[in-house]
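**Student:** Which chain is which? The protein sequence lines are A and B, in order.
Its first residue numbered 1, the first sequence is counted upward by one per residue in the working numbering.
Its first residue numbered 1, the second sequence is counted upward by one per residue in the working numbering.
Watch out, some of these pointers could steer you wrong.
Said to hold, decoys possible - Listed next, with one range per pair, are the computed distances between beta-carbon atoms:
(1) Pro-95(B) - Leu-271(A): 51 to 57 angstroms
(2) Arg-159(B) - Asp-380(A): 38 to 44 angstroms
(3) Arg-75(A) - Glu-135(B): 25 to 31 angstroms
Rather than coming from a laboratory, the hints here were simulated on the basis of the structure.
Computed from a predicted model, the values in this text were never measured in an experiment.
We treat Cβ as the ideally placed atom computed from N, Cα and C, and that holds for glycine.
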Amino acid sequence: MRAVCWMGKKDVSVENVPDPTIINPRDAIVKITSTAICGSDLHLYDGYIPSMEKGDILGHEFMGEVVEVGPGNKRLKVGDRVLVPFTIVCGGCYFCQKGLWSLCDNSNPKAAMAEKLYGYSGAGLFGYSHLYGGYAGGQAEYARVPYADAGAFKIEGDIPDEKVLFLTDIFPTGYMAAENCSIEGGDTVAVFGCGPVGQFAIRSAYLLGAERVIAVDNVPERLRMAEEGGAEVIDENEVDDVLDELDMRTGGMGPDSCIDAVGMEAHGDGLDFLYDKAKQAMRLESDRPTVLRMAIQACRKGGTVSLPGVYGGFVDKMPMGTAFAKGLTMKMGQTHVPRYLPELYDLVQNGKIDPSFVITHRLPLDEAPNGYDMFVKKEDGCIKIVLKP
Amino acid sequence: MADPVEVNESFTVLKSPEELFAFWRRLENLPSFMKHIDSVENIDDRRSHWRVRAPGGSHVEWDAEIVEEETGRLIAWRSLPGSEIANGGSVRFRPATGNRGTVVEVTLFYEPPGGRAGAGLAKIFGEEPHIQVREDLRRFKQLNETGEIPTIEGQPSGRGPDREKVGGRKKRSAEPAHAAGSRRREVTP
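Start from the sequences and build out the full structure, keeping to the hints where you can.
**Tutor:** As structure tokens, this is what we get:
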């Protein structure tokens, strides 16, 4: 089959590789009908997530049709149409049972490696480095889905792929980011970063009862899309100081919660950004927390900072004094996709939201390398790419 | 003779002490999660024959007996006198707090005897025997909570000898990309 492989920093290519096969009893093989490039794939592309190996198959946002099931899989059958959450979940451990699916105790075959770095290991993820299990991803014609009886979500009817594809990652990720803000009526939520996750965070914040959402970015088409989602926008290029602007717009109080939908590769123009960039280049710091610092600074007293943006290692100059003095709550982590899938699927089916609004590009799988290049450079108005195998 | 080596590890498993005890007490189950054990055969109710893989394709074997047993709570065993390697262990099952299942605590010990067998055993356990034991116990948990042990062995990647580049950035393959085909492409409805 054809698959998008990570061949090194800034180097992906489409390769012919063997088809996946059933390895464990609860596995299923899915023939992929739609797959996407995620913003978090760019962290891999840019070489910031450790433990990628040359030849790893990328992709963790995909759906398709079951073409084979293992002997231990009693729930799925050949021909089922399924959404495959990017978090691989066993369904049987304490964390899965508690709804903390992305912290599954059992699905990472390389848990010992993750424990060395993080103390304990979270769930395995598709196509997201060996620290997260080394599983082959879904930017391919087929994928092996482990514990498919616990993770894969069956859909009925003929709802188009593009309306439901993002239920495997970015929609639940934006939704969890907003839910983590514990929004109350009248709240103002600031969303830093208007990439696909930021876009879903904006819409989710409104779904969860926010009165105002203020979105911050510097890319015109992203800001336009944020406005279409109902957000007031701040264009970083248009204001002297984002923090002052947020303070003004919230009557000197600050947003009730701040969402960092950017993560470890933030951009900025201050001294701290240059400091991070230099340290990161020298491998003295793995993550650039420019936006995180800003979110902490901007947030109102007693508010919440929510982090859907991915962090992989260490950050410097964390304004802990600020966070402490203002009594902030911080919530973060990989998304517990199966917790949100049923209710968000219902929202899509009932026409409350059509997630396909975020798609700007549709490419054949073979064009994935160009897609990565375009996405990382934000060329051609690129916000979200769907690949067709 | 070198000092005895002792390793302690614990894991919390979301099953009852009774279930986990029963799984462990069927000693023939041990090779399913203890990586270096080839087989454990029961000789009678208390005694068993253990066969362990050693480096270089050889095997080390010994007989062991259960020296302490409390149903649902404890199993302790040790090798019989005259074994090449004196070794033993115990596993304890305690109910965890807050409906989290069972805390499984394992202690293993062996006396490196020197000589061939000692060197072999040292290699089996590597330089960090507690990591080996921890991974064995992790597999025990995985098997009992999910019915299988997660693995990526045997999955495809772009590393294999049979991979072939189809397309890179800014240059398209001359042939249609799917010319190489996929065996499932033909069979799926």
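**Student:** For the hint 51 to 57 angstroms, verify it against the beta carbon of Pro-95(B) and that of Leu-271(A).
**Tutor:** Given a distance of about 55 angstroms, which is inside 51 to 57 angstroms, the answer is holds.
**Student:** CB of Arg-159(B) to CB of Asp-380(A), is that within 38 to 44 angstroms?
**Tutor:** violated, 32 angstroms
**Student:** Using the Cβ atoms, figure out if Arg-75(A) sits within 25 to 31 angstroms of Glu-135(B).
**Tutor:** The hinted range 25 to 31 angstroms holds for Arg-75(A) and Glu-135(B), with Cβ atoms some 29 angstroms apart.
This entry does not satisfy hint 2, going by the numbered hints stated previously; all others are met.
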